Amino acid sequence: SQWGEENLQALSIQEGEDVTMNCSYKTYTTVVQWYRQKSGKGPAQLILIRSNEREKRSGRLRATLDTSSQSSSLSITGTLATDTAVYFCATARNNYAQGLTFGLGTRVSVFP
Amino acid sequence: EAAVTQSPRSKVAVTGGKVTLSCHQTNNHDYMYWYRQDTGHGLRLIHYSYVADSTEKGDIPDGYKASRPSQENFSLILELASLSQTAVYFCASKQYAEQFFGPGTRLTVL
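Protein sequences appear in the order of chains A and B.
In terms of the numbering used here, the first sequence opens at residue 1255 and continues consecutively.
In terms of the numbering used here, the second sequence opens at residue 33 and continues consecutively.
Rather than coming from a laboratory, the hints here were simulated on the basis of the structure.
Treat each hint with caution, since some may be false.
Stretch by stretch, here's where chain B covers chain A in the computed footprint (C-beta under 8 Å, at least three residues) [claimed, not checked]: (1) 1306-1312; (2) 1323-1334; (3) 1347-1354.
Mimicking BS3-like on lysine-lysine, the simulated pairs with C-alpha atoms at most 30 Å apart in a straight line are [to be verified]: (4) A/K1310 x B/K97; (5) A/K1280 x B/K50; (6) A/K1280 x A/K1295; (7) B/K97 x B/K50; (8) A/K1292 x B/K43; (9) A/K1280 x A/K1310; (10) A/K1310 x B/K50.
Pairwise CB distance ranges, derived in the manner of DEER restraints [unchecked claim]: (11) B/T52 x A/G1294: 17 to 25 Å; (12) A/P1366 x B/E88: 43 to 51 Å; (13) A/T1281 x B/Q127: 22 to 30 Å.
These figures come from a predicted structure and were not determined experimentally.
By construction, the Cβ of each residue, glycine as well, lies at the ideal position given by its N, Cα and C atoms.
Take the sequences, apply the hints, and build the full model.
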């Protein structure tokens, strides 16, 4: 597996709290994408971060990428119940034409 | 309007039977992909295609065939369905780095 994590992680938090989830990967990459999958739906891209950005923000989302430690994180500030989903990190297999390799994901449950 | 659609949304098949899952996209994207997702796991790539009438193997192609008769359509074929192929299957199309996923097909093989 390209990814170091072995099990789906699960986090339960209350609305309004901040949450951070992490991914570590084995194969060198300069781009990490984060996807969100809501129950019964396909994944949807949230944010893409490149190594020269180190940090990228989009609304309440903040992604980081540290190529030296081969890790990435996604933070959500002021969570809402609608943020309840599974969050995946993903990298290109060899190049983007050949598809993505997904991590196992983090299940985030936000309670009102 | 949904840009990537899949049919059927749910299917029950018998072991040894033939199953065809269909995907249609209106994104006008050249690249299309089939992934499977098992409970509690991420998505794994089965087959992909970058042009009509051509398909490529992904990470887990054994037991699956793919067909891309046109830019818009991409099918996944299980010639002899097995219990281990019970999963949710997602189709996606790609623009630059971002992939756009369909709603998935839940396949149960009995």
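Consistency of the hints with the structure:
{"no.": "1", "hint": "1306-1312", "in the structure": "violated (count 0)"}
{"no.": "2", "hint": "1323-1334", "in the structure": "violated (count 0)"}
{"no.": "3", "hint": "1347-1354", "in the structure": "holds (count 6)"}
{"no.": "4", "hint": "A/K1310 x B/K97", "in the structure": "violated (39 Å)"}
{"no.": "5", "hint": "A/K1280 x B/K50", "in the structure": "violated (37 Å)"}
{"no.": "6", "hint": "A/K1280 x A/K1295", "in the structure": "holds (28 Å)"}
{"no.": "7", "hint": "B/K97 x B/K50", "in the structure": "holds (11 Å)"}
{"no.": "8", "hint": "A/K1292 x B/K43", "in the structure": "holds (21 Å)"}
{"no.": "9", "hint": "A/K1280 x A/K1310", "in the structure": "holds (22 Å)"}
{"no.": "10", "hint": "A/K1310 x B/K50", "in the structure": "violated (46 Å)"}
{"no.": "11", "hint": "B/T52 x A/G1294: 17 to 25 Å", "in the structure": "holds (22 Å)"}
{"no.": "12", "hint": "A/P1366 x B/E88: 43 to 51 Å", "in the structure": "holds (45 Å)"}
{"no.": "13", "hint": "A/T1281 x B/Q127: 22 to 30 Å", "in the structure": "holds (24 Å)"}
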